[in-house]
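Going down the list, the protein sequences come from chains A and B. Under our numbering, think of the first position of the first sequence as 962, with each following residue one higher. Under our numbering, think of the first position of the second sequence as 236, with each following residue one higher.
Treat the hints as calculated values from the structure; they're not laboratory data.
Derived BS3-like pairs (lysine-lysine); straight-line CA-CA distance at most 25 Å:
{"#": "1", "chain 1": "B", "residue 1": "341", "chain 2": "A", "residue 2": "970"}
{"#": "2", "chain 1": "A", "residue 1": "1018", "chain 2": "B", "residue 2": "341"}
{"#": "3", "chain 1": "B", "residue 1": "344", "chain 2": "A", "residue 2": "970"}
{"#": "4", "chain 1": "B", "residue 1": "341", "chain 2": "B", "residue 2": "303"}
{"#": "5", "chain 1": "B", "residue 1": "240", "chain 2": "A", "residue 2": "1018"}
Computed from a predicted model, the values in this text were never measured in an experiment.
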Amino acid sequence: DSGVTQTPKHLITATGQRVTLRCSPRSGDLSVYWYQQSLDQGLQFLIQYYNGEERAKGNILERFSAQQFPDLHSELNLSSLELGDSALYFCASTRQGQNTEAFFGQGTRLTVV
Amino acid sequence: DQQVKQNSPSLSVQEGRISILNCDYTNSMFDYFLWYKKYPAEGPTFLISISSIKDKNEDGRFTVFLNKSAKHLSLHIVPSQPGDSAVYFCAASAPGAGSYQLTFGKGTKLSVIP
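Just need the whole structure built from these sequences, with the hints factored in.
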């Protein structure tokens, strides 16, 4: 158990819809990272939040957005969903201020039909 | 443009033998490298890491080697066990603006045959 909790584990939704994925980082971790893993692809960095503020952005579509709340949990919002958005979405957390390993949640498998 | 490449999608090794997983990178700004293991339906689990100031790091059966001039790193597992069967991801990070985002390779599926 990494200590990072993601909900839901599975999500099936129709094209054009909007979904919200939730992540609770490890206790004490201020940074949350979101990654997307599509079929046969490595994990692609989407966005990072640190203590409630956006810190870095990767290959995140404009239809996607995220936020981190005062209790440090984070949500990734995906809207106007397309078939190609079907993927595994992982959240990871790290201690800030040091280059160290990221701890990953179990992921949310999103299927857009 | 893939900055971290794992050119072998799969690898089969006999139990008890050595498994060697390879990874190449192109971004010379990367200064920290990690290996993650992933089982189906689970998130990636951290295995071992190495800083660019070192060329080797060892943790039990796992050793990571870094060759900066060749921009190459490898993970050695000795001896390999059936429980090591999983997908292994190489990842790297570059310093900057307090973000330690990781760039991942596509993974190598290791099968350890009993």
